[in-house]
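Sequences and hints are given; from them, build the entire structure.
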Amino acid sequence: MAAPQIRRPGFSRRAQYGLFLSYVAAVAGIVVAVLLLILAKLDPAGFNAVRGAALDVTTPIASGGRKVARAIGNAGDAIGDYFRAGSQNARLKRELRATHRRLIEARAAEFENSRLKRLLRLSSELPDAIATGRIVSSTFDASRRLATLDAGAAAGIRIGQPVRGPEGLIGRIVENGRHASRVLLLTDGSSNVPVLLVRDGTPALATGRGDGTIELKTLEVGRNPFRRGDVVVTSGVGGVYTPGIPVAIVVTVNRDDTVARPLADPARVDFAIVQRLYMPSATAPLAPAPAPAAAADPAAAR
Amino acid sequence: MSRIALTEGDFRRKALRRQYVPIGSVLLAAMLALLPIVATAPLIPDIAFLLLLAWRLLRPEVWPATAAIPLGLFNDLVAGHPIGQSMMLWTMVMLAFDFADSRSLYRDYWMDWFFAALAIIGYVLGGWAVAAYMGSAAPVTTMLPIAAASVLAFPLAAQLALALDRWRLTR
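Same order as they appear, the protein sequences are chains G and L.
1238 is the number that the numbering used here gives to position 63 of the first sequence; each next residue is one higher, with no gaps.
442 is the number that the numbering used here gives to position 151 of the second sequence; each next residue is one higher, with no gaps.
Some hints here could point you the wrong way.
Estimated spans, in silico, between C-beta atoms of each pair [stated by the list, open to error]:
| # | chain 1 | residue 1 | chain 2 | residue 2 | range |
| --- | --- | --- | --- | --- | --- |
| 1 | G | 1278 | L | 446 | 47 to 57 Å |
| 2 | G | 1329 | L | 387 | 41 to 51 Å |
| 3 | L | 390 | G | 1445 | 50 to 60 Å |
| 4 | L | 302 | G | 1216 | 42 to 52 Å |
In case anyone wonders, no lab produced these hints; they're calculated from the structure.
Every residue, glycine too, gets a C-beta built ideally from N, C-alpha and C.
In C-alpha cells, the structure reads:
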C-alpha cells in the first residue's frame, strides 16, 4: 500500500502556510504542556482547583460501579478458595495453633502495657478521624499509584492528611475536590513513610516501588534486620502519620534490599479513614533564620 | 434502522456521526480510567492512547496534530496524570507520525504495528520519565509489563477503530 500523501499540500501557497501553522501550533502546545508540568512540579497543589473539579465530576461514575467490581473480585476469591480447600484447611489449623499461643502472650503484654501506661499517665487516644470514605478507583495505566476517595473538602479533608483502613495505612491525600480526593498509595514511587520494625524497634523508611510492593530501607548500613513475615508500623517521625499504624509485611529479604507488601489492600478495604496530621507543627516550614547573623559576616558564610 | 437516509434529520445525524465518532471514541476510551478498578501495579494499557494511534494510522486526515492537545488535556484530567503529560506526549507522537508519513514510501499492516510499537514504548517511557520528574522513585522495569501489554493490545485497538470507521461511514 502506498503511503498516504495527505500531508502534502501540493503547490497551493495557502495550503502550505496552513500546514506550517498547524505544526507551529502543535509545537507551541508541547511547549505549553512542558511548562504546565514544570509548574506542577514547582507547586504540586497549584492546579488543585481544576483537578479537584475534574475529580468531583468523574467520581460518581466510579463509585456507582465499585460495588459490582468488588462483588466480581470476591466471587473470584471464593472460587479459588474452593479449589484450595484442603491445603488451606491444614494451613489454617497450623495458624490457629500458633495464634492461640500468641493470644496468651498478647494478653499478658496488654495487661502490662495498661499498667505501664497508668504509671506514665499516657493517653492512648488516637487522633480523631476527620472523615470516612470509600476507595472507588485508581490509576491503572500510569507509573503513579493514585486512588480516588469519595470524600473531599466538604468533609474536612485537606491535602497531606494520612488515610488508613482497618488493616493498616493506605496513603496520604495529594489532591482534593469538594466531594472527592486523590490518595497517593504507599506503593507509589514517591511515597516515603517512616516506619519501625515491630519486633525490635529498628527504624526504617518504607518507599513505594510502583509495582504493588514497598521497599524497606534501614537507616544504618550493615546487617539486614528484617526477616520474612516481619511487620512494620508507622513510627510517627516527621509528624504526618500517627505512630503504631500497621504498614507492611516483609515478603522477601535479600542482602541489601527488603521487599514488603502493604497490609491494607486498597482494592479490598471497605472504608478508608482520613486522619488528622499527627503533629501539624512538625510539617510546617521552619521559621526563617535570624537575618543579622547571616548578613554580618559574608566571608564566614562561604 | 434503515440504511438509507430518508429525511433531513437522517442526513444531519449521519454527518454528525461521520464527524464526531473518532473524537468521541477517544474521549470515551479516556473515561475508561473511571472504571471502578483499584490496581496496585500498572498493568492495563492506556486504551485512549492506543485508539488515538489506531485512528491516526487508519485515517491520517480526520484530525491534525494539534487535536492531541485538547484530547491530552482531557485524558490528564480524567486519569489523574500531572496536567501536561498526555498533552505533551500525545502531540509529540502525532508530530512523529506526520514526519514518518512524509518520509516513508509504502505502508502495510506490519509497518503500522512496528511504528505503533515504537510510539507505545516511547509513550510508556515518557510517562515514566514524567513520574520520575515529579518525584517517583519507581524503577523503569515496573513499566515493562504495561509496555508489552500495550504493544500486544494495539491490533485490538486497530480492529476497534476499523469497525468504528466502517460504522461511521455507512450511508
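Quick rundown of the hints versus the structure:
Distance hint check for residue 1278/G and residue 446/L: the Cβ-Cβ separation is about 56 Å, which falls inside the suggested range of 47 to 57 Å. The beta-carbon spacing between residue 1329/G and residue 387/L, approximately 44 Å, falls within the hinted interval of 41 to 51 Å. For the pair residue 390/L and residue 1445/G, the supplied restraint of 50 to 60 Å holds, since their beta-carbon distance comes to about 51 Å. The hint said 42 to 52 Å for the Cβ distance between residue 302/L and residue 1216/G, and at roughly 50 Å that hint holds.
Violated hints: none; the structure is consistent with every hint.
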